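Trainee: The residues making up each chain are set out below.
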Amino acid sequence: MRVMVLVKATEDSEKGFVPTPEAKEAMEAMGRFNDELRNAGILLDADGLKPSSQGKRVAFDGPRRTVIDGPFAETRELVAGFWLWEVKDMDEAVAWVKRCPNPMPGPSEIEIRPLYEMADWQWESDAGGHGNP
Amino acid sequence: MTAGETQQAIEAIFRIERARLIAGLARLVRNVDLAEELVQDALVIALSEWSRTGVPANPGAWLMTVAKRRAIDAIRRDKMRERKHEEIARELDGDCDGTAEGNEMAMNDDLGDELLGLIFTACHPILSADARAALTLRVIGGLTTDEIARAFLSSEVTIAQRIVRAKRTIGKAGLSFEVPRGAERAARLSSVLEVIYLIFNEGYAATAGDDLVRPSLCLEAQRLGRMLAGLMAEDAEVFGLLALMEIQASRLPARIGPDGALLTLTEQNRARWDQLLIRRGLDALARAEALGGDGPYVLQAALAACHARARSPADTDWPRIAALYDRLRAVMPSPVVDLNRAVAHSMAFGPEAGLRLVDEIADAAALRNYAPLPAARGDFLFRAGRLAEARAEFEAAAKLTRNVREAAFLLARADACG
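If you read the protein sequences in the order shown, they are chains A and B. Take the first sequence: its position 60, counted from the start at 1, is 422 in the working numbering, and no numbers get skipped. Take the second sequence: its position 6, counted from the start at 1, is 43 in the working numbering, and no numbers get skipped.
Hints listed in this document are in silico derivations from the structure and should not be mistaken for laboratory results. As the structure is a computational prediction, the values presented were derived from the model and not from experiment. All clues stand as given, with none of them false.
Stretches of chain A that chain B covers, calculated by requiring three or more beta carbons in the stretch to come under 8 Å of a beta carbon on chain B:
#1 401-415
#2 448-462
Some chain B residues close to chain A (C-beta under 8 Å, calculated; not the full set):
#3 Gln45
#4 Ala46
#5 Ala49
#6 Arg52
#7 Ile53
#8 Gly149
#9 Leu256
#10 Arg260
#11 Leu261
#12 Arg263
#13 Met264
#14 Gly267
#15 Leu268
#16 Leu313
#17 Arg317
Backbone N, C-alpha and C fix where the C-beta goes; we use that ideal spot for every residue, glycine too.
Using the sequences plus the hints, can you model the full thing?
Mentor: Rendered as structure tokens:
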């Protein structure tokens, strides 16, 4: 199964990248963790996201589209980075996440979300299924 | 956490560590069976300890320490062992200073090398291809014998015996569990790649089946391929195989029609191809080409990439495909490659070019009674306007194929010849 592993933002990550010695050390530790993921054959994709101050939102309501500029208020609900993993089950994903070095200087969270798969998209009337767009 | 949840968590950790633990121990005790047993024992101990104390900071090193202690005990108990057991025990005592930290250092250094050594040993050419596949899935992939049996449409007893025999053969040959160096490495690597691709193809051929274990072999092979690419970052063919598997797997969601029949590349809805896997495949291919690769897997991946890049069948770069088949033919001579080459040339340069090439191989023994040969020839003749000859070829092909749907398709093409 594929899971998206989301590193949630913190007040620190929302300030953007600051090249301190601590940040360098944390980056290197994360690099080693990524090597482990790669060597285990589960890493499909990964990237870090810039702070929400550089992001935009588009709000949908019927025919209306409203663009909202960042930063966005609810910091702890924002995403600061992600991985895409191919794992056997959620237990394996949790075991790997527990090995991740602290992603942020202070307390932070990582969220694991399984992706929809082909089999989840079967309509009763349609054996072929509606797959990826 | 409930006891059940703790156990689940420990088992998940164990699945992550298992292959590396077996690899490290097998190199020490020179025995896959014993290594597996020791690792299993370590799990049992972890289950009881960790549910009281919690999971340690480095569970892999903890498990290795425990398993190595058991190895010393086992070797001391077993006076019949061929290796001088005192010597091994001394070696182990020195290696294992009793702390997880000490082992962690030793482990991280050797980890990749040990795992690679185990992969090379499980895929050693002294074993049959089937035995290599079963053993690799067991010790590296962590599949149960039952899962392997279902995957290969075999019985659990057969697979269990195959694995036992393979381990015995490895023991008798006195294999060292080292990664081969020098000239031997290339030959042994091709044996490893062959096994991984065999596992992949077992899964690929089974996409339509009811048992999900079979298609999941593709995932298992991709995982092995990615692992190998992580461990052998300088080998072009490793990336070639990985690219080939990622690109082929990208088509899995599009391969089955509404009636359950397999669809050809031309018939597939390309919007359903997995773009993430295509991108990964193209990246791996670029890496292989940067390493100067032009071996069979790199070339096959390059061929697959030509189709992956084409937004519609009409966009396919046939001259490039024809050129790639010219090169593939040189490194992987086979009548089937020759036939595909003829088809590619016909698409790139016209039906006469295809006819010329297909007539060169028409007498190959391997292609006798091979339906795709008259089917291809029929297609070339049809496009060249030689309808009567084309009709005869389509009818011959329809007689040869055992696939009902394909036969109907070929007969329809024969009818279209008027």
